[in-house]
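Top line first, the protein sequences correspond to chains A and B. If you want our numbering, it's the 1-based position in the first sequence plus 15. If you want our numbering, it's the 1-based position in the second sequence plus 2.
Check each hint, because a few of them may be wrong.
Said to hold, decoys possible - Coverage of chain A stretches by chain B, computed from C-beta distances (three or more under 8 Å per stretch; other residues unrestricted):
1. 34-47
2. 75-84
3. 91-98
4. 111-117
Calculated from the structure, these hints are not laboratory results. Cβ atoms here follow ideal geometry from the backbone N, Cα and C, with glycine treated the same way.
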Amino acid sequence: MQPVTTVHYLALSVALLLIGTVGVLTRRNIVIILMSIELILNAVNINLIAFSHQLQNVNGQIFAIFVITDAVAEAAVGLGILIALFRNKETVLADEVNLLKW
Amino acid sequence: MDVILFLAFATIAVVCGVNVVLQTHPISSAVSLIGVMGSLAVLYLLLGAEFIAAAQVIVYAGAIMVLFLFVIMLLNAGEETRRGRSRLVQFLGLPLLVTLLGLFSYLVLRLFPNASHVRFGAFQGGTPAKFGRVLFTEFLLPFEVTSVLILIAILGAIVLARKEIE
Chain A
16 MQPVTTVHYL ALSVALLLIG TVGVLTRRNI VIILMSIELI LNAVNINLIA FSHQLQNVNG
76 QIFAIFVITD AVAEAAVGLG ILIALFRNKE TVLADEVNLL KW
Chain B
3 MDVILFLAFA TIAVVCGVNV VLQTHPISSA VSLIGVMGSL AVLYLLLGAE FIAAAQVIVY
63 AGAIMVLFLF VIMLLNAGEE TRRGRSRLVQ FLGLPLLVTL LGLFSYLVLR LFPNASHVRF
123 GAFQGGTPAK FGRVLFTEFL LPFEVTSVLI LIAILGAIVL ARKEIE
């Protein structure tokens, strides 16, 4: 059996990135769009940690923890915006929000 | 052993990830996303990132997903009806996506020939002690700046979600 290498982790990261991108582009529910963004950020983390192992250097993991922090901040603010939006428009579907559409 | 663990949990991660996008009910998507986070934590452990694996479970699978579940229940978001897609997307979307994935993987494999083998225990630098030493010496300034970022995020979330006072 072939051993696992860094390339396998990179391929997994590409797969999660593509799934997340499809989710952002095709779904209408804003909650699920935010979840797809979390998937994309996780793909970034896989890359950082895989290269941290490849280079035998812990700095990649430090960057990963910063990405996790960033994901938390983004989720909190995104869901806050969603609640404010729901209070004004009574919808969570992205295509029914057209205040800025000309 | 490493190969079996990697294949098993990578498969779980990808299947749950596809499920996040395909499920129509937000709660089902959220539970699938917890599956992705959990299996990724195991994959990080295989790479020797012990602290990140623990943070992944606590922060992602714990805190962020509970936040998502709260908001889903608060907004009472029901099932989402599908819009009709164009014929081109229906028939060409999935094959093109798989082609793109294969192309990327092939490119990475060709451009990156000296990839090191991943063995459990080959990298010992990710223990909380070593991780914390680097975080609090070399990366102290970014760490402190991150705390300001979190503070701004908290303030922003409160201001956005509060009730308007007349």
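How the hints compare with the structure:
1. 34-47: Answer holds; 10 residues pass the 8 Å Cβ test.
2. 75-84: It holds: at least three residues are needed, and the stretch 75-84 of chain A offers 7 whose Cβ sits within less than 8 Å of chain B.
3. 91-98: holds (count 7)
4. 111-117: Violated: only 0 residues of the stretch 111-117 of chain A have a Cβ under 8 Å from chain B.
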